[in-house]
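Number of protein chains: 2
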Amino acid sequence: MKIKYELLKKDGKARLGLLHTNHGTVNTPMFMPVGTQATVKTLSPEELLDMNSGVILSNTYHLWLRPGEDIVNKAGGLHKFMNYPGPILTDSGGYQVFSLAKNKKKDIVEDGVHFKSHLDGKALFLTPELSIEIQNKLDSDIAMSFDECPPASASHEYIKNSVERTLRWAKRGKDVHANLNQSLFGIVQGGAYEDLRKYSAIETVKLDFDGYGIGGVANDGESKADMYAALDYSLPYIPEDKPRYLMGVGEPVDIIEGIRRGIDMFDCVLPTRIARHGNAFTRNGKINLKNAKYKEDFTPIEYGCDCYACKNYTKAYIRHLITAQETFGARLLSIHNIRFLIKMTEEIRKAIEEDRFEDYSAKFLEKYTGKNNE
Amino acid sequence: MKIKYELLKKDGKARLGLLHTNHGTVNTPMFMPVGTQATVKTLSPEELLDMNSGVILSNTYHLWLRPGEDIVNKAGGLHKFMNYPGPILTDSGGYQVFSLAKNKKKDIVEDGVHFKSHLDGKALFLTPELSIEIQNKLDSDIAMSFDECPPASASHEYIKNSVERTLRWAKRGKDVHANLNQSLFGIVQGGAYEDLRKYSAIETVKLDFDGYGIGGVANDGESKADMYAALDYSLPYIPEDKPRYLMGVGEPVDIIEGIRRGIDMFDCVLPTRIARHGNAFTRNGKINLKNAKYKEDFTPIEYGCDCYACKNYTKAYIRHLITAQETFGARLLSIHNIRFLIKMTEEIRKAIEEDRFEDYSAKFLEKYTGKNNE
Numbered sequence: 001m002k003i004k005y006e007l008l009k010k011d012g013k014a015r016l017g018l019l020h021t022n023h024g025t026v027n028t029p030m031f032m033p034v035g036t037q038a039t040v041k042t043l044s045p046e047e048l049l050d051m052n053s054g055v056i057l058s059n060t061y062h063l064w065l066r067p068g069e070d071i072v073n074k075a076g077g078l079h080k081f082m083n084y085p086g087p088i089l090t091d092s093g094g095y096q097v098f099s100l101a102k103n104k105k106k107d108i109v110e111d112g113v114h115f116k117s118h119l120d121g122k123a124l125f126l127t128p129e130l131s132i133e134i135q136n137k138l139d140s141d142i143a144m145s146f147d148e149c150p151p152a153s154a155s156h157e158y159i160k161n162s163v164e165r166t167l168r169w170a171k172r173g174k175d176v177h178a179n180l181n182q183s184l185f186g187i188v189q190g191g192a193y194e195d196l197r198k199y200s201a202i203e204t205v206k207l208d209f210d211g212y213g214i215g216g217v218a219n220d221g222e223s224k225a226d227m228y229a230a231l232d233y234s235l236p237y238i239p240e241d242k243p244r245y246l247m248g249v250g251e252p253v254d255i256i257e258g259i260r261r262g263i264d265m266f267d268c269v270l271p272t273r274i275a276r277h278g279n280a281f282t283r284n285g286k287i288n289l290k291n292a293k294y295k296e297d298f299t300p301i302e303y304g305c306d307c308y309a310c311k312n313y314t315k316a317y318i319r320h321l322i323t324a325q326e327t328f329g330a331r332l333l334s335i336h337n338i339r340f341l342i343k344m345t346e347e348i349r350k351a352i353e354e355d356r357f358e359d360y361s362a363k364f365l366e367k368y369t370g371k372n373n374e
Numbered sequence: 001m002k003i004k005y006e007l008l009k010k011d012g013k014a015r016l017g018l019l020h021t022n023h024g025t026v027n028t029p030m031f032m033p034v035g036t037q038a039t040v041k042t043l044s045p046e047e048l049l050d051m052n053s054g055v056i057l058s059n060t061y062h063l064w065l066r067p068g069e070d071i072v073n074k075a076g077g078l079h080k081f082m083n084y085p086g087p088i089l090t091d092s093g094g095y096q097v098f099s100l101a102k103n104k105k106k107d108i109v110e111d112g113v114h115f116k117s118h119l120d121g122k123a124l125f126l127t128p129e130l131s132i133e134i135q136n137k138l139d140s141d142i143a144m145s146f147d148e149c150p151p152a153s154a155s156h157e158y159i160k161n162s163v164e165r166t167l168r169w170a171k172r173g174k175d176v177h178a179n180l181n182q183s184l185f186g187i188v189q190g191g192a193y194e195d196l197r198k199y200s201a202i203e204t205v206k207l208d209f210d211g212y213g214i215g216g217v218a219n220d221g222e223s224k225a226d227m228y229a230a231l232d233y234s235l236p237y238i239p240e241d242k243p244r245y246l247m248g249v250g251e252p253v254d255i256i257e258g259i260r261r262g263i264d265m266f267d268c269v270l271p272t273r274i275a276r277h278g279n280a281f282t283r284n285g286k287i288n289l290k291n292a293k294y295k296e297d298f299t300p301i302e303y304g305c306d307c308y309a310c311k312n313y314t315k316a317y318i319r320h321l322i323t324a325q326e327t328f329g330a331r332l333l334s335i336h337n338i339r340f341l342i343k344m345t346e347e348i349r350k351a352i353e354e355d356r357f358e359d360y361s362a363k364f365l366e367k368y369t370g371k372n373n374e
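For the protein sequence lines, the chains are X and R, in the order given.
With my numbering, you'll find the first sequence wraps up at 374, consecutive numbering, no jumps.
With my numbering, you'll find the second sequence wraps up at 374, consecutive numbering, no jumps.
These aren't lab readings, by the way, just hints derived from the structure by calculation.
The beta-carbon is built from N, C-alpha and C at its ideal position, and this holds for glycine as well.
Covered, in the sense of this in silico footprint (three residues per stretch, anywhere, with C-beta under 8 Å from a C-beta of chain X), are these stretches of chain R:
| id | stretch |
| --- | --- |
| 1 | 66 to 75 |
| 2 | 78 to 88 |
| 3 | 289 to 300 |
| 4 | 313 to 319 |
Work the whole structure out from these sequences, hints included.
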């Protein structure tokens, strides 16, 4: 069975919805934790469920290289392999090919992309068909089309050609997509150009996917203004009965700006990546626990937070773990940071339900971006 | 209140007992997981309790350097700092000074040991008094006396002088020990020399400690025969109403040989250290999950094991995590390996209760050291 999106209510453009999947129904807008290599770094599936996780993400490119899609398939698919009972989305590998290829060198041809493995430099060739075939075998609930992710600085001409190629690739991927229990999303590209974003949205929707990703907004060099503009340019052309997913975005401010424009799904490695460097989200902005002022701070990361880390540990202890390079520190901060984003979406859903999304957002942003923050 | 050891029953020299502490009563013989830096690497306290952990260990030397004993003290002691509700034992730092000192250089004088920090090369001076004062502040349930750990290859003359100094240090430490809720153990040294082990045991017991460690058996170059001999030479001189702790030993075979000779407590970093390299204990000996033969092995590490890893994950998945350097792999193997040793002690306690320790040991060893093992 394919996924089904159910729009429950709107507050401005912000959407409250349900996503029905073969692995349960989840609420939107939602933040999806990233488990690149079939594991959300340092965490167990039970810890994710405790945080009220919905869909989680995993990466086609990484699983293709290790352990290989055939092993995951023989294990009974990604859910069984990694023991996550909720829905899983796999990206196409497109972004990784462009961001992780050894020396960032790649050769884009009509058929696909030639590049070298970031692990051992081995020559690889990924095509739209192969990406979909791998995802079919991984058996995620949602697969993504293989797209080109050009740099933010690319010219109008370059991006125009790239959008056309991404459309041809989307069609080729759709044509070979064979897993009836897996849904397939198309991806809207177009850089910071209004006409190209509009064109990409309209043409991608014509191919009729189960949902739509907005890509190319989280590359290096992409500004926040460009990101918000890309949404304004493309979302009006995406049907209301399909979920919209802003790819690679997880900054609290951007989650709010995305939801304000009608986004339903977000993913980002941010909460786990910053955790490994000692950073924690708080209502008053990010703090870094390596800061000496937390040495003797025997209070939780944030009062009122319901996460396992805040209920049981102090800033001083977590600071010690991070300083001593103990992975339990990254684990505690990952729990806190992911829960922070999920809790935020829970509050936003309630605000949409009660027609006070703008009020909620204004108050959240004022505190989060406040002058007196660390 | 000090700890109290209660001998319930003997089967040969193997002892079944209870250790009453301010943080609960635990069963002996027991294996104590090591939380060097106030955390058992990758694991939460809840995971340890799920494995039926009793006493856990932490390290005076490491906590002295980071975060500093005063911070732990201000946090309310080690239990509160790291959120472990069960009993905690701290070692004295003696072993670490001898094994971790930068370039292994140290200058032993009557007053203590001059050496350089393994973190930043800073000159440090640890004395018997300082070690005890730090442990008093950490507020562990059991503190260890500061001892010298000479290499296994040292001469009779060297070890004799070392034993005498360790006795003087033990007395000095005991004289400044001021935490009435903390028990203090003496440590028997003497290398592989029968007369010195006997002498060290008799003289250490004269100082009247709450329990006794057998040290200097887990150094580099120490043979298993030397280790077992050290126990045979010293244990007859340690009173039956005090707990005996074989320091730094955690190989399943050595745990059995230790218990056979009358040891009650063991500790070792082995289960967590080998986990990080992909190794798992099984009834048929250690296996390494990096081995290619486990690539498509969708069975648990060991059938019949009741640990979280074996109940939920396959060898193929754990192999993938270890290969991809995902810490969740080390976490799953640490859980399995620690549970393996704790389960083993549970079975041994039952065997002692039922007067079949020798039978249990013979069967365990035959399987564990079997010819057809990996």
